[in-house]
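Chemist: Chain residues, written in single-letter form:
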Amino acid sequence: MNCFKTCPLVTGVVVFSIIISAVTFVAKGSIYADYSADFDPAEQPLFVVMIKGISNGVMPWQIFDKESVMAAKEDDIGDAAALLADVSGNDISGNDVSGNDSSPEEITFKEVTDDYFADALFIGDSRTVGLSEYCEGLDEQAMFYAKVSLSIHSVLENDFLKDEDGKKMTVEQALEKDEPYGKIYIMLGLNELGTGTTETFVAKYAEVLARIRELQPDAIIYIQSIMHVTENKSSNDKIFTNERINERNEALSHLANNVDIFYLDMNEAVDDENGNLLEELSTDDIHLKASSYERWHQYLLKHAIVKD
Amino acid sequence: MISFSNITFIFRFLPAFLILFYVTPVKFRTWTLLLGSLIFYVVGSIDSVGNLNMFPALLGAVVVNYLFARAVRSVEGKKKKALLALIVIFDAATLVTFKLLGQFVDGSLIPIGISFYTFKMISFQADSYNGKIDSKPLFKDVAAYFCMFPQVVSGPIMRYSDYSDNLELIPGASKSSKEEIFANIEDGLKYFIVGLAMKVLLADHYAMLWKEIGTIGYESISTPFAWIGAVTYSLQLFYDFWGYSLMSSGIAVMLGFPFVVNFDHPYSSASVSEFYRRWHATLGSWFRDYIYIPMGGSRVSAVRIVLNLLVVWLVTGFWHGVTLNFILWGLILFVIIMCERFVVFKLPGVLKAIVGRFNVLVLIPLTWVIFAISNAEMLLNYFKRLFPFFGAGIAVNNNDYIKNLGIYGGLLAVGLVLLIPHVFKFFENHRKNPLIMICLFVLFWFSVYSLTNSAGNPFMYFAF
Numbered sequence: 001m002n003c004f005k006t007c008p009l010v011t012g013v014v015v016f017s018i019i020i021s022a023v024t025f026v027a028k029g030s031i032y033a034d035y036s037a038d039f040d041p042a043e044q045p046l047f048v049v050m051i052k053g054i055s056n057g058v059m060p061w062q063i064f065d066k067e068s069v070m071a072a073k074e075d076d077i078g079d080a081a082a083l084l085a086d087v088s089g090n091d092i093s094g095n096d097v098s099g100n101d102s103s104p105e106e107i108t109f110k111e112v113t114d115d116y117f118a119d120a121l122f123i124g125d126s127r128t129v130g131l132s133e134y135c136e137g138l139d140e141q142a143m144f145y146a147k148v149s150l151s152i153h154s155v156l157e158n159d160f161l162k163d164e165d166g167k168k169m170t171v172e173q174a175l176e177k178d179e180p181y182g183k184i185y186i187m188l189g190l191n192e193l194g195t196g197t198t199e200t201f202v203a204k205y206a207e208v209l210a211r212i213r214e215l216q217p218d219a220i221i222y223i224q225s226i227m228h229v230t231e232n233k234s235s236n237d238k239i240f241t242n243e244r245i246n247e248r249n250e251a252l253s254h255l256a257n258n259v260d261i262f263y264l265d266m267n268e269a270v271d272d273e274n275g276n277l278l279e280e281l282s283t284d285d286i287h288l289k290a291s292s293y294e295r296w297h298q299y300l301l302k303h304a305i306v307k308d
Numbered sequence: 001m002i003s004f005s006n007i008t009f010i011f012r013f014l015p016a017f018l019i020l021f022y023v024t025p026v027k028f029r030t031w032t033l034l035l036g037s038l039i040f041y042v043v044g045s046i047d048s049v050g051n052l053n054m055f056p057a058l059l060g061a062v063v064v065n066y067l068f069a070r071a072v073r074s075v076e077g078k079k080k081k082a083l084l085a086l087i088v089i090f091d092a093a094t095l096v097t098f099k100l101l102g103q104f105v106d107g108s109l110i111p112i113g114i115s116f117y118t119f120k121m122i123s124f125q126a127d128s129y130n131g132k133i134d135s136k137p138l139f140k141d142v143a144a145y146f147c148m149f150p151q152v153v154s155g156p157i158m159r160y161s162d163y164s165d166n167l168e169l170i171p172g173a174s175k176s177s178k179e180e181i182f183a184n185i186e187d188g189l190k191y192f193i194v195g196l197a198m199k200v201l202l203a204d205h206y207a208m209l210w211k212e213i214g215t216i217g218y219e220s221i222s223t224p225f226a227w228i229g230a231v232t233y234s235l236q237l238f239y240d241f242w243g244y245s246l247m248s249s250g251i252a253v254m255l256g257f258p259f260v261v262n263f264d265h266p267y268s269s270a271s272v273s274e275f276y277r278r279w280h281a282t283l284g285s286w287f288r289d290y291i292y293i294p295m296g297g298s299r300v301s302a303v304r305i306v307l308n309l310l311v312v313w314l315v316t317g318f319w320h321g322v323t324l325n326f327i328l329w330g331l332i333l334f335v336i337i338m339c340e341r342f343v344v345f346k347l348p349g350v351l352k353a354i355v356g357r358f359n360v361l362v363l364i365p366l367t368w369v370i371f372a373i374s375n376a377e378m379l380l381n382y383f384k385r386l387f388p389f390f391g392a393g394i395a396v397n398n399n400d401y402i403k404n405l406g407i408y409g410g411l412l413a414v415g416l417v418l419l420i421p422h423v424f425k426f427f428e429n430h431r432k433n434p435l436i437m438i439c440l441f442v443l444f445w446f447s448v449y450s451l452t453n454s455a456g457n458p459f460m461y462f463a464f
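If you're matching them up, the sequences are chains A and B in order. Mapping to our numbering: the first sequence position 89 is 89, numbers consecutive. Mapping to our numbering: the second sequence position 82 is 82, numbers consecutive.
Bound-form chain B, shown alone (with noise of 0.2 Å):
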C-alpha cells in the first residue's frame, strides 16, 4: 500500500481517511493527519520490506529534528549558527549512512523515504533558522510535517510555509463551508486521476518494453530499437514521476494543503539548465536555497561557480544512488550545463534555440540511459548499440524496433503528444467541463481495471 497507485490504497485507506480527517475538530486535525501517516507508513511498510526495523529512524529522526529546531530559536548568534551546522550534518549524516547502508550492506537498511523525509528536515531547519517559519510550531505540526502521508515516500519537497498555509488545521481559521471542502476533494480526485492514468496505462505499459529490452540483452538490440529504448526509458521515468507527483498533490489539495509544482513541462524547455528548473522542481529548488545559494550561488567569481555547481550537481547524482552511474550521470549533466552556460548562451539566437532544443531532446535522453544501467559494461553495450560505429552487435535481430512499435507505438505516440505543454494545460484550464469530467471518470475505472489485473496477476506483466 506504500504507492498510491494500489487498489487498498484507492478505496480504502484514502476515503477512509478523507472521512475522519475532516469529521475530526479542526482543534486535533493536525493528530489525524499525524497518526494516519505514520498507519501509512507502518502498513506500507510490512508491504514492502515484511518488517518495521526502519521505523524507527523516521521517528528518531522528527524527535531530534523538532528538538533542535526549538534549541537553536530559543540561542542567539554564534551559538545558534553552531546549532544549525551541527543538526544538517546530523541529517545529512543520517541520510548517507543509511544510503550506503542500503547498497553496500543490505537493500532493506534504507528507511522508505528517507531521501525525501531528510531533506524536508534540513529545508525546516534553514527556513526556521532564518526566521521564514513564524511562529513556533508545535510538535503535533512538525511531526504532521514531515511524516504527512502524500508525501513521505517520494515527496514532493514542500517546504514548511507552504504546509502551515493550511487553513484546515488551524483552530479558529477554517471558515470552510461544506461546500467548499467538497470542492476541494473533487479537484484534488481530478489531479489524482490524471496522474494514475499517467502511472498506470503509461509509465508501466513503457517499463514493460524496457524490461524487454534488457531480456534481449543491450548487445543484441539494433540501433534504431536502442533509440526507442532511450526515449521509453525517458517517458517511463517522466510518466512514473509525474504521474506519482500529480497523486501526491492531488491527495494534498483534498486535505486543504496548496497544490505543489513538481513536474512543469520540463521537455519543452530551451535549455538543460531549464530543464532542471521545471523537471522535478521541489528538488531543484531545494539544491538551489540550501547548497547553491549558501555557497554564494551565482554572485560569485566565474570559478566558484562552476565550483558550485560541480558540488550540486555531485551531490544529485549521489541523492540519487550510490553506484558510479549516478555520479556519472550528474557529472555529465554538469558539463552540458557549464557548456550552456559559458558557449551556448553566448550564441546568436537561432543557433542558441536549436543547439538548446537538442541538448534537452536528444542529450537528456541519453543521459537517462546512463542514470538507468548501474553496470558499468552493460551500459558500454548499450551506447555500442546507440552509435554504432565500434562493431556490429551479437545476434541482432534488425527488424526488433518493427514488432515493438506495432505494439507499444501507440502508446508512445500518447506519450510524446503529452509532453506538449498546451495538452496538459488544456486540461487543467477546462477541468470543469462535463466533458472533460467524462472522460475522467473513463480514465479512472481504465487505470483501476489495469491496476486489478496487474496486481492480483503476476503474469499480465511478466507473462513467458
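Isolated chain A (complex conformation) (with noise of 0.2 Å):
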C-alpha cells in the first residue's frame, strides 16, 4: 500500500510531527535549552519545546548557526551574571531607603486640576490603557506611553511606539528625544508577577527608574503602587494574590526619595475594607471597568507634588 497516496494528509502530518520531534530532540540542548528545563515529557509532546522557543523568535534554522548556540550559552551565563547583579543592585537601593530618612509628613500633596498633566507622561500595562481610555480628562492633556502585557522589564526595550515616520520605537528612544515632561507616572509590576522575586523585581524597577531619570532629568517621577486584584482573585490564583502585591508595593515605596520620585498608594482609591480591589470596579478582577477609572484620575488630582 502506498501511504502517501491512500492519505497524503495523515502521512504529512505524521512524518513532519516526527521530523520535528527529531530536530527539537537535538535542539533541546542548545539553542532550545531555556524553553526545555520545565518541560514533563508526561504532559506534552516534544515538539512543544520548539513551538515555546519560534514563538520567541528562536527559529530551528538557527541551530547550524554557531554564534546563536554559543549565544544561548552565554545567555545563561549572562542571566546569571544578571541575577547577582540583581541582588547587589538591591542592596543599593536598599541604601537608598535607608540613607533617606525622609519622614511622610515631608510629603505636600495638594489638589490640583487637569492641566497639571499637561506635561505629564503615564507609562504602564493594560491598566494605563485603560486610564488613557476612560479618562477624556488625562487623556486630553498627558501623554501615555503604556501598552497590554508591558512589564518593568520589557518597558524600556519594547518597540511599541511610533515615531512621525511611523517607525518603531522604543520608551527609551522616546524620552530621549521627547520634550521634557514635568511628571512622569509608573504603574508596573503586575505581569511580572509570577516572575522573579521581589528582590529582583525591585532592582529592575530601580534600574529603570534610574535610565528614566538619566534620561528626564528634571521630571517628577511618579511610582504608583501596583493596584490590587479583588479578593475573588487574590484567593482563587496562586500567582496574581494581594498578599504578593502588598510585599512588592511595600518595596516599591522604599524606592522613592521624597525629592523629586514619590511613591503613590492609589489603592486607596480602589480597595475595600479589606484591602482588596472593590467588587463592584471591575468585572474581570483585576481591571477596573471604565466607568471606575474616574477614581484613579480623582486620586491622582488630589495627590499631586507641586514645586514652589
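Since the hints were made in silico from the structure, they are not lab data. All figures in this text were calculated on a predicted structure; none of them were measured in a lab. Heads up, some of the hints might be wrong.
[Unchecked claim] Taking lysine-lysine and the DSBU-like style, the derived pairs with C-alpha atoms no more than 30 Å apart in a straight line are:
#1 Lys136(B) / Lys177(A)
#2 Lys5(A) / Lys178(B)
#3 Lys403(B) / Lys167(A)
#4 Lys233(A) / Lys211(B)
#5 Lys162(A) / Lys79(B)
#6 Lys168(A) / Lys403(B)
#7 Lys27(B) / Lys81(B)
#8 Lys211(B) / Lys99(B)
#9 Lys233(A) / Lys99(B)
#10 Lys211(B) / Lys78(B)
#11 Lys211(B) / Lys140(B)
#12 Lys132(B) / Lys78(B)
#13 Lys79(B) / Lys27(B)
#14 Lys5(A) / Lys425(B)
#15 Lys352(B) / Lys178(B)
#16 Lys168(A) / Lys147(A)
#17 Lys432(B) / Lys5(A)
#18 Lys79(B) / Lys233(A)
#19 Lys162(A) / Lys403(B)
#20 Lys79(B) / Lys147(A)
#21 Lys211(B) / Lys238(A)
#22 Lys80(B) / Lys140(B)
#23 Lys403(B) / Lys211(B)
#24 Lys352(B) / Lys384(B)
[What the hints assert, rightly or not] Derived CB-CB ranges, DEER-like:
#25 Asn274(A) / Val414(B): 30 to 40 Å
#26 Ser235(A) / Asp165(B): 44 to 54 Å
#27 Ser235(A) / Gly60(B): 33 to 43 Å
#28 Asn274(A) / Ser161(B): 39 to 49 Å
#29 Asp106(B) / Thr108(A): 34 to 44 Å
#30 Glu136(A) / Leu52(B): 45 to 55 Å
#31 Asp40(A) / Ile407(B): 27 to 37 Å
#32 Val15(A) / Trp31(B): 50 to 60 Å
#33 Gly29(A) / Ser161(B): 27 to 37 Å
Glycine is no exception: its CB is placed at the ideal position from the N, C-alpha and C atoms.
Fit the two chains together into the complex; they arrive one by one in their own frames, and the hints show the way.
Modeler: Shown next, in the form of C-alpha cells:
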C-alpha cells in the first residue's frame, strides 16, 4: 500500500510531527535550552519545546548557526550574572531607602486640576491603557506610553511606540528625544508578578528609574502602587494575590526619595476595607471597569506634588 | 483533555486509540471503543473538575437504561408503554436534578456531558420501543453508543441506527481493506482540521474580544461596539460549536461511523424557523422527534401547535441553562417563530424574504446576547447601549470600536465570509485537491502553534 497515495494528509502530518520532534530532540540542549527546562514529557509532546522557542523568535535553523548556539549558552551565563547584579543592585536601592530619612510628613500633596497633567507622561500596562481610554480628562492632557502585557523588564526595550515617520521606537528612545516632561507616572508590576522575586523586581525597577532619571532629569517621577486584584481573584490564584502585590508595593515604596521620586498608594482609591480591589469596580477581577477609572483620576488630582 | 482542541488529545490519545481500535479484532472492537471512551471520560473529568465523583452517574445511567430497554422489549401492550414512560421520566428527572444541583449547589455536581448522553438515552429508549432498532443490542453496544468519546461531552446527538451502521464494529460485516481504513482516517482528519481551526483560530480569538467588552463593562461601550460585540459573540458561539461538531464528526468518520451533520449553514436560512432546523440540527431533530411529534406535531389545531411549540422552546431554554436568561431566550425565539408562522410566511414573496433574512441576521444575534449574559442588570445595560434611546452610557469612549476593529477586524471578516455556504462547500467538494490539502496541512500546524502557546502560557489570552 502506498501511504502517500491513500492518505497524503495523514502521512504528511505524521512525518512532519516526527521531523519536528527529532529536530527538537537535537536542539533542546542548545538553542532551546531555555524552553526545555520545565518541560515534562509526560504532559506534552516534545515538539512543544520548539514551538515555544519559535514564538519567542528562536528559529530551528539557528542550530546551524554557531553564533546563536553560543549566544544561547552565553545568555545563560549572562542571566546568572544579571541575577547576581540584581541582588547587589538591590543592596544599593536598599541603601537609598535607609539613607533617606525622609519622614512622611515632609510630603505635602496638593489638589490640582487637569491642566497639571499637560506635561505629564503615563507609563504602564493594560491598566494604564484603560486609564487613557476611559479618562478623557487625562487623555486630553497627558501623554501615554502604555501597552497590554508591558512589564518592568520590557518597558524600556519594547518598541511599541511609533515616531513621526511611523518607525518603531522604544520608550527609551522616545524619552531621549521628547521635550522634557514635568511628571512621569509609572504603574508596572502585574505582568511580572509570577516571575523573579520581590528583590529582582525592585532591583530592575530601580534600574529603570535610574535610566528614566538620566533621560528626563527634571521630571517628578511618581511610582504608583501596583493596583490590587479583587478578593475573588486573590484567594483563587497562585500568582495574582494581593499578598504578593503588597510585598512588592512595600518594596517599591522604598524606592521613593520624596525629593523628586514619590510613591503613590493609589489602592486607597479602589480598595475595600480588607485591602482588596472593590468587587463592584471590576468585572474581570483585575481591571477597572471603564466607569471606575474616574476614582484613579480623582486620586491623582488630589495627590499631586507642586514644586514652588 | 476533555476537549478535542488539546495537544495531548491530538498527538497522544487520538493516534494511540486509532491504532488500538484497528489492531483489535473486529469481534472485540466495541470493547476497545467503550474502554477508550471511559478512559477519555475519566482523564477528562480529573483534568477539568479534579475528581471522579460524578463518574458513577454516567455508569449508573448506562446500566439502568440498558436493563430497561431489555425489559421494554420483553413485554407488550400497556406494560410496555408504562415501562417506557418510567425510564424516560427517570432519565429526564436525573437530568433536571443534576442541572439544578449544578446551578444552585455546586458547579462540579453536574456530570460532564449529561445533557447530551441523557438525550441519547431517551432517543434510544423511544427508538427501541418503536421497533426502530432491529436486533437485540448487546450491553457493550449500548454502552459504547452512550459513552463514545467523540460525542460524550457535547454531542452531536447521534441516533442508534447511525451508530449500528458502522461495519467496522460488526463481526463478519467488515470487509474494509487497509486502504479503505486509511481513506476513512484521511477523510475524518480533514473535517477534524477544519473544525480545529474554526475553534482555535476563530472562536477562541472572538472570545478574547467578547471578554474585553465584559472588562470594559457593558454600560461603557459605544453603540457601534455593542453591535460589533453582538456579532462577535454570535460568531464565537457558531465557530466554537460548529468547529467542535466537525472535530467530533471527523473522529467518528475515522472510526467508520457515518458523518453526522450538526450545522448546515444556519446563517443562510430564510427564516428563524429554518435557522433552527440547521443550527445544532441533531438537537432540533431530537426535539422534533421525541417531544413535538409525540405531542401531536403539526397535525393538531392551531392552538395546540402554539402550545406544543411553547413547550419545545421552554424546554430548549431550560436545557441550555437554568438561569432566567435562557428561559427568556427560549420564549423570545418562540415568539419570533410564532410571528413567522402566522404572519411573515403569509406575506407576499419579497416582503417575506426581507423580513425572514432580517430575523436571521439581526434578531438572531440579539437573541444570542440574551443567551450570553445571565445577569439581568448587565443584560439590560447591554441593550441600552445597543439601542441608545434611554440615555447615554457611563464613561463611554466613542472610538472604542475603531481600536478593536483594527485588532479583530480581519478575523471577524473571515468569520463572516465563512457564513456563506459556498465557501465550506467548495472545501468539501475539492478536499482531495492537493492545494486544499496543503492549506489544511498549514492550517493544522497553525492551530497547533496557537494552541501550544495559549496552553502553556496563560498570558497569551490573559495578558494584562
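Chemist: Please go over all the hints and tell whether each is borne out by the structure.
Modeler: Against the structure, the hints:
1. Restraint check for lysine 136(B) and lysine 177(A): not satisfied, since their Cα atoms lie roughly 83 Å apart, outside the 30 Å limit.
2. Between lysine 5(A) and lysine 178(B) the alpha-carbon distance is near 13 Å, which keeps this suggested pair within the 30 Å criterion.
3. A hinted pair counts as satisfied when its Cα atoms are at most 30 Å apart, and lysine 403(B) with lysine 167(A) qualifies at roughly 19 Å.
4. Of the supplied pair hints, the one linking lysine 233(A) and lysine 211(B) holds, its CA atoms being roughly 16 Å apart against a limit of 30 Å.
5. Restraint check: the Cα-Cα separation between lysine 162(A) and lysine 79(B) comes to about 79 Å, which exceeds 30 Å; the hinted pair is violated.
6. Proposed proximity of lysine 168(A) and lysine 403(B) is supported: the alpha carbons are some 19 Å apart, at most 30 Å.
7. For the hint linking lysine 27(B) to lysine 81(B), the alpha-carbon distance of about 34 Å lies beyond 30 Å, and the restraint is violated.
8. For the proposed pair lysine 211(B) and lysine 99(B), the alpha carbon gap of about 25 Å is at most 30 Å, so the pair holds.
9. The hinted pair formed by lysine 233(A) and lysine 99(B) meets the criterion: a straight-line CA distance of about 26 Å does not exceed 30 Å.
10. Taken as a hint, the lysine 211(B) and lysine 78(B) pair is broken in the structure, with Cα atoms around 54 Å apart against an allowance of 30 Å.
11. The hinted pair formed by lysine 211(B) and lysine 140(B) fails the criterion: a straight-line CA distance of about 43 Å is larger than 30 Å.
12. Between lysine 132(B) and lysine 78(B), the direct Cα distance comes to roughly 19 Å. Compliance with the 30 Å bound is thereby established for this hinted pair.
13. Among the hinted pairs, lysine 79(B) with lysine 27(B) is inconsistent with the structure: their alpha-carbon atoms are about 35 Å apart, more than 30 Å.
14. In summary, the hint linking lysine 5(A) to lysine 425(B) is supported, as the alpha carbons are separated by about 24 Å, within the 30 Å threshold.
15. Straight-line distance between C-alpha atoms of lysine 352(B) and lysine 178(B) comes to about 53 Å, which puts the hinted pair past the 30 Å bound.
16. For the hint pairing lysine 168(A) with lysine 147(A), the CA-to-CA distance comes to about 14 Å; that is within 30 Å, so the pair holds.
17. The hinted pair formed by lysine 432(B) and lysine 5(A) meets the criterion: a straight-line CA distance of about 11 Å does not exceed 30 Å.
18. At most 30 Å may separate the alpha-carbon atoms for a hinted pair to count; lysine 79(B) and lysine 233(A) exceed this at roughly 56 Å.
19. Among the hinted pairs, lysine 162(A) with lysine 403(B) is consistent with the structure: their alpha-carbon atoms are about 16 Å apart, no more than 30 Å.
20. At most 30 Å may separate the alpha-carbon atoms for a hinted pair to count; lysine 79(B) and lysine 147(A) exceed this at roughly 70 Å.
21. Between lysine 211(B) and lysine 238(A) the CA atoms are separated by roughly 22 Å; this keeps the pair inside 30 Å, and the hint holds.
22. As the CA atoms of lysine 80(B) and lysine 140(B) are separated by approximately 23 Å, the hinted pair is consistent with the 30 Å bound.
23. Annotation: proposed proximity of lysine 403(B) to lysine 211(B) holds, straight-line Cα distance about 15 Å (limit 30 Å).
24. Between lysine 352(B) and lysine 384(B) the CA atoms are separated by roughly 29 Å; this keeps the pair inside 30 Å, and the hint holds.
25. The supplied range of 30 to 40 Å is broken by asparagine 274(A) and valine 414(B), whose beta-carbon atoms lie about 46 Å from each other.
26. Between serine 235(A) and aspartate 165(B) the C-beta distance comes to about 52 Å, which sits within the given range of 44 to 54 Å.
27. For the hinted restraint 33 to 43 Å between serine 235(A) and glycine 60(B), the CB-CB distance of approximately 35 Å keeps it satisfied.
28. Separation of asparagine 274(A) from serine 161(B) is about 60 Å and departs from the stated range, judged on CB atoms against 39 to 49 Å.
29. Separated by about 53 Å at the C-beta atoms, aspartate 106(B) and threonine 108(A) break the suggested range of 34 to 44 Å.
30. Remark: the range hint 45 to 55 Å for glutamate 136(A) to leucine 52(B) is upheld by a beta-carbon distance near 54 Å.
31. Checked against the hint of 27 to 37 Å, the C-beta distance between aspartate 40(A) and isoleucine 407(B) comes to roughly 33 Å, which is consistent with it.
32. The hint said 50 to 60 Å for the Cβ distance between valine 15(A) and tryptophan 31(B), and at roughly 32 Å that hint is violated.
33. Roughly 55 Å separates the CB atoms of glycine 29(A) and serine 161(B), a value that falls outside the hinted 27 to 37 Å.
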